[in-house]
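Undergrad: Here is how the chains run, residue by residue.
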Amino acid sequence: MGQRTPLYDAHVNAGARIVDFGGWDMPLHYGSQKDEHHAVRQHAGVFDVSHMTVVDVAGSGATDFLRKLLANDVAKLTTEGRALYSCMLNEDGGVIDDLIVYWLGGDDYRLIVNAATREKDLAWINERSQAFDAAVTERPELAMIAVQGPDARALAASCIDAPFRNDALALKPFTGRPFGDLFIARTGYTGEDGWEILGEAPAITRLFHALIDAGVMPAGLGARDTLRLEAAMNLYGNDMDETVSPLAAGLGWTVAWTPEDRDFTGRQALEAERENPSRPRFVGLLLEGKGVLRGHQRVVVDGVGDGEITSGGFSPTIGRSIALARVPAGDYLEAAVDIRGKLQAVRIVKTPFVRNGEVKIEV
Amino acid sequence: MNELPGDLMYTNDHEWLRREDDGSVTVGITDHAQLALGDLVYVELPELEQEVDAGGDMAVVESVKAASDVYAPIAGTVVEVNEELADDPERINSDPYGDGWIVRLKPSGEDGDLMSPDEYQALLDELDS
Numbered sequence: 001m002g003q004r005t006p007l008y009d010a011h012v013n014a015g016a017r018i019v020d021f022g023g024w025d026m027p028l029h030y031g032s033q034k035d036e037h038h039a040v041r042q043h044a045g046v047f048d049v050s051h052m053t054v055v056d057v058a059g060s061g062a063t064d065f066l067r068k069l070l071a072n073d074v075a076k077l078t079t080e081g082r083a084l085y086s087c088m089l090n091e092d093g094g095v096i097d098d099l100i101v102y103w104l105g106g107d108d109y110r111l112i113v114n115a116a117t118r119e120k121d122l123a124w125i126n127e128r129s130q131a132f133d134a135a136v137t138e139r140p141e142l143a144m145i146a147v148q149g150p151d152a153r154a155l156a157a158s159c160i161d162a163p164f165r166n167d168a169l170a171l172k173p174f175t176g177r178p179f180g181d182l183f184i185a186r187t188g189y190t191g192e193d194g195w196e197i198l199g200e201a202p203a204i205t206r207l208f209h210a211l212i213d214a215g216v217m218p219a220g221l222g223a224r225d226t227l228r229l230e231a232a233m234n235l236y237g238n239d240m241d242e243t244v245s246p247l248a249a250g251l252g253w254t255v256a257w258t259p260e261d262r263d264f265t266g267r268q269a270l271e272a273e274r275e276n277p278s279r280p281r282f283v284g285l286l287l288e289g290k291g292v293l294r295g296h297q298r299v300v301v302d303g304v305g306d307g308e309i310t311s312g313g314f315s316p317t318i319g320r321s322i323a324l325a326r327v328p329a330g331d332y333l334e335a336a337v338d339i340r341g342k343l344q345a346v347r348i349v350k351t352p353f354v355r356n357g358e359v360k361i362e363v
Numbered sequence: 364m365n366e367l368p369g370d371l372m373y374t375n376d377h378e379w380l381r382r383e384d385d386g387s388v389t390v391g392i393t394d395h396a397q398l399a400l401g402d403l404v405y406v407e408l409p410e411l412e413q414e415v416d417a418g419g420d421m422a423v424v425e426s427v428k429a430a431s432d433v434y435a436p437i438a439g440t441v442v443e444v445n446e447e448l449a450d451d452p453e454r455i456n457s458d459p460y461g462d463g464w465i466v467r468l469k470p471s472g473e474d475g476d477l478m479s480p481d482e483y484q485a486l487l488d489e490l491d492s
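Line by line, the protein sequences are chains A and B.
Quick note: the first sequence uses this note's numbering, first residue 1, plus one each step.
Quick note: the second sequence uses this note's numbering, first residue 364, plus one each step.
Simulated from the structure, these hints should not be mistaken for laboratory data.
You may find that some hints are simply not true.
As the list claims (entries may be wrong) - With a straight-line Cα cutoff of 35 angstroms, these simulated DSBU-like cross-link-like pairs (lysine-lysine) come out:
#1 A:K68 x A:K172
#2 A:K360 x A:K350
#3 A:K290 x B:K469
#4 A:K76 x A:K350
#5 B:K469 x A:K76
#6 A:K172 x A:K360
Given only the sequences and the hints, what does the whole structure look like? Please build it.
TA: Structural data, given as structure tokens:
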């Protein structure tokens with residue numbers, strides 16, 4: 001038996017198929033992963049993401065510490081509640097984890113990091129914080145749900161205390177702040193509008209049940225994966241890890257190169273890599289025919305070389321298989337993927353594949 | 364869970380087979396297998412006339428979650444494949460013992476290791492416990 005979130009019993013009662021995910025017993029789906037996927041694209045779905053790790057950083061040195069720790073620059077956070085997506089790198093420029101950091105105002109920040117990387121992240125963050133006047137506090141008592149989809153905010157607003165509704169609905173994308181005993185942020189991992197909501201177990205459990213009563217479909221990790229793949233959002237451990245830099249994972253846009261004198265961890269390695277013209281590309285693939293692209297399949301670029309799929313699967317919205325892949329440098333739009341020994345044609349496409357319910361690629 | 368159909372034989376790999384009146388054998392995957400796989404999105408079918416060995420790869424079923432081999436439960440020749448699955452693989456989810464059949468074989472030799480419904484039920488009970 002793995003660790004269980006406060007919503008475990010609710011999942012089982014809703015008919016969830018439970019799987020191990022990074023040591024946690026989590027719902028894979030509640031009957032049909034595809035139905036849950038479509039519900040999020042067309043209406044609203046709710047995910048339990050309480051397994052994720054919440055870390056608060058505070059103190060007069062907190063800003064300097066995070067500007068050293070993260071490849072993106074928290075100095076960009078000039079509005080209270082604003083969030084920033086960043087990689088946390090080792091000295092070689094490899095990704096220890098990807099995370100979201102919220103500026104809560106003053107010297108207070110909140111980091112949300114992955115579940116499977118919890119221990120190494122906490123060890124790294126604690127060790128690196130020693131040189132700064134910064135207190136690092138894990139918040140394991142906080143549960144978290146993500147309500148996602150075009151109707152998600154309206155339905156979720158109807159489930160929170162009435163005095164907070166208008167202000168919560170006025171939250172701008174990629175911002176978050178406390179509302180009573182809840183912390184609500186307009187963020188997510190699906191390519192749809194919605195909220196991620198943190199709170200202590202009783203409040204989140206109540207809210208989870210209220211959302212389902214309001215017609216929001218519970219959705220499992222399976223749908224979460226196909227939704228994020230369609231949105232071309234990276235998954236740590238698949239698309240990047242400690243041996244892969246953000247530049248090789250399509251995350252160059254999250255690296256804040258300026259100001260040039262900000263010496264974040266991994267900067268030197270990244271600068272050297274940036275100058276290398278033969279560094280790999282990170283691209284989206286669309287399978288031309290039938291079949292399913294999967295992680296670790298070989299990508300063959302005629303006359304150029306081989307690459308590898310880092311995340312692949314079937315896109316329920318497009319009705320075809322899509323993938324993210326690391327492929328050799330060069331200018332080309334076609335490739336093939338080795339599926340069980342047969343080369344199948346794929347097209348290189350500009351990601352995201354799907355955003356806000358709309359297919360963004362030419363099919 | 365529904366009761367297992369009593370007129371079928373089963374395998375360790377969660378496949379079923381039915382002996383037809385004309386001597387051929389129809390093969391599919393069990394309800395347990397389709398539940399474990401989740402929504403099916405693609406089925407790779409063998410060629411007609413292909414010879415298969417007992418226990419050899421015969422087809423591939425791919426769900427949103429994973430790809431899974433379908434093994435030939437007996438040696439034989441492929442005499443029919445369920446073409447409907449090409450456009451509608453979810454038939455395997457909705458009707459695993461009926462419209463979701465996968466391949467029909469003409470047996471050419473000895474049976475592999477097959478289980479009666481009671482024996483297969485005992486295997487499922489063991490997995491559940």
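Undergrad: Does each hint fit the structure? Answer for all of them.
TA: Hint by hint, here is what the structure shows:
1. A:K68 x A:K172: Given pair K68 (chain A), K172 (chain A) holds - Cα atoms ~27 angstroms apart, limit 35 angstroms.
2. A:K360 x A:K350: This hinted pair holds, its Cα atoms lying about 8 angstroms apart.
3. A:K290 x B:K469: Holds, at roughly 28 angstroms.
4. A:K76 x A:K350: Roughly 27 angstroms separates the two Cα atoms, so the pair holds.
5. B:K469 x A:K76: Violated. K469 (chain B) to K76 (chain A) sits at ~69 angstroms, over the 35 angstroms cutoff.
6. A:K172 x A:K360: Cα-Cα ~23 angstroms, so holds.
Hint 5 from the earlier list is the only one contradicted by this structure; the remaining hints agree with it.
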